[in-house]
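Fit chain W to the given chain L structure using the hints.
Residue numbers (this note's numbering), protein chains in the order written: chain L, 1 to 151; chain W, 1 to 151.
Only true hints are included.
Chain L is nowhere near these chain W residues, computed Cβ spacing over 10 angstroms in every case:
no.: 1; residue: D5
no.: 2; residue: G24
no.: 3; residue: F30
no.: 4; residue: L32
no.: 5; residue: Q34
no.: 6; residue: K77
no.: 7; residue: Q79
no.: 8; residue: T129
no.: 9; residue: P131
Calculated lysine to any residue pairs in the SDA-like style (CA-CA distance at most 25 angstroms, straight line):
no.: 10; chain 1: W; residue 1: K61; chain 2: L; residue 2: L100
no.: 11; chain 1: W; residue 1: K61; chain 2: W; residue 2: R147
no.: 12; chain 1: L; residue 1: K144; chain 2: W; residue 2: R76
no.: 13; chain 1: W; residue 1: K77; chain 2: L; residue 2: R145
Distance ranges between label pairs, derived from CB positions:
no.: 14; chain 1: W; residue 1: A75; chain 2: L; residue 2: S20; range: 44 to 50 angstroms
no.: 15; chain 1: L; residue 1: A58; chain 2: W; residue 2: E144; range: 18 to 24 angstroms
no.: 16; chain 1: W; residue 1: E60; chain 2: L; residue 2: A22; range: 29 to 35 angstroms
no.: 17; chain 1: L; residue 1: T75; chain 2: W; residue 2: G52; range: 43 to 49 angstroms
no.: 18; chain 1: W; residue 1: R114; chain 2: L; residue 2: D113; range: 37 to 43 angstroms
no.: 19; chain 1: L; residue 1: D146; chain 2: W; residue 2: P148; range: 17 to 23 angstroms
no.: 20; chain 1: W; residue 1: E60; chain 2: L; residue 2: L5; range: 17 to 23 angstroms
no.: 21; chain 1: L; residue 1: T75; chain 2: W; residue 2: R28; range: 51 to 57 angstroms
no.: 22; chain 1: L; residue 1: D146; chain 2: W; residue 2: K73; range: 23 to 29 angstroms
no.: 23; chain 1: L; residue 1: M138; chain 2: W; residue 2: R29; range: 37 to 43 angstroms
no.: 24; chain 1: L; residue 1: D123; chain 2: W; residue 2: Q34; range: 39 to 45 angstroms
It is worth saying that the hints were derived from the structure and are not from the lab.
Because the structure is a prediction, the values reported are computed rather than measured.
Built from N, CA and C at the ideal position, the CB exists for glycine as well.
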Amino acid sequence: MLDDLDRRLLRHLQADPSLSTADLADRCGLSAASCWRRIEKLESAGVILGQQAVIDWAALGYSVEVSLRFTLDKTQPRAFDEFLAAARAVPEVLEIQTFLGRVDVRLSVIARDMGHYQQIYRDRILTLPHIADIEALMQIAHLKRDEALPL
Amino acid sequence: MMDLDEIDRQVLRALAQDASQSAGALGRRFGLSQPAMWRRIRRLQDAGVIRGRRLRLDAEKLGFGVTVFLGVKLARKGQLQLDDFERAVSAIPEVQTVEHVLGLYDYRLRVVARDLADFERVLRRRIMTLPGAGEVEANVLLSEERRPGPI
Numbered sequence: 001m002l003d004d005l006d007r008r009l010l011r012h013l014q015a016d017p018s019l020s021t022a023d024l025a026d027r028c029g030l031s032a033a034s035c036w037r038r039i040e041k042l043e044s045a046g047v048i049l050g051q052q053a054v055i056d057w058a059a060l061g062y063s064v065e066v067s068l069r070f071t072l073d074k075t076q077p078r079a080f081d082e083f084l085a086a087a088r089a090v091p092e093v094l095e096i097q098t099f100l101g102r103v104d105v106r107l108s109v110i111a112r113d114m115g116h117y118q119q120i121y122r123d124r125i126l127t128l129p130h131i132a133d134i135e136a137l138m139q140i141a142h143l144k145r146d147e148a149l150p151l
Numbered sequence: 001m002m003d004l005d006e007i008d009r010q011v012l013r014a015l016a017q018d019a020s021q022s023a024g025a026l027g028r029r030f031g032l033s034q035p036a037m038w039r040r041i042r043r044l045q046d047a048g049v050i051r052g053r054r055l056r057l058d059a060e061k062l063g064f065g066v067t068v069f070l071g072v073k074l075a076r077k078g079q080l081q082l083d084d085f086e087r088a089v090s091a092i093p094e095v096q097t098v099e100h101v102l103g104l105y106d107y108r109l110r111v112v113a114r115d116l117a118d119f120e121r122v123l124r125r126r127i128m129t130l131p132g133a134g135e136v137e138a139n140v141l142l143s144e145e146r147r148p149g150p151i
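In isolation and in its complexed conformation, chain L is listed as follows (with noise of 0.2 angstroms):
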């Protein structure tokens, strides 16, 4: 389904998303038109899902960024709906992950400043149901971040 030009075209648009077409086709070596085709080729089958801005949260002033591991209270049947639906109405609430692991759940929060973050996690996550123990990893650096998959 996929062939070498299109993996290629991938890199590039993964790589600078803001690329136009005319910029795009000349660095994959194709026609504006065909790869203007194969764009919408990918677009259609589900391929590329879209673009989006990335905010960076510190120049709006959040600066701290903790990463909160949970495991829930599995004896509970709803433990993981009832827990999910809690943690997305905090707005503070960046990413939620769920894994099979160790670890259940995952949530990445944001706050202005330590007493900040202290106020969400008396108020707001402590008070999550279904939690049977919370570990945390303060985020000090972010070292590698586009989440680019290796085409």
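Here is chain W on its own, set in the frame of chain L:
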């Protein structure tokens, strides 16, 4: 740090969902002229609030069926080990994100692979062999959602 008004917030939310929307289309939606909207977006970019764009791809359709979050502890710690480890781990194509964290682990990695066998290959050949790598904890991603955040 930048202060946002209500229109800024709505524009940010809209672009975080779909960055391909033109200034003209956004302007019509929020009742601004195309040049006024363009200036607003430009201002958000210049202030670093919009850090860039990310292409959203369907990893599974591209053959990447497994995502694993790894917690890595360094066996030895010193300035040199940190630099060597960070450089080497960031160069692995399957490693999508590298975060330096404080807590149970020293680094948090997001790793993508074709399947579990492929993941095992990446883990054994590329990650366990990194300079200074010690204890590793793996959690296989089951589901993930990104939230809009506090805007």
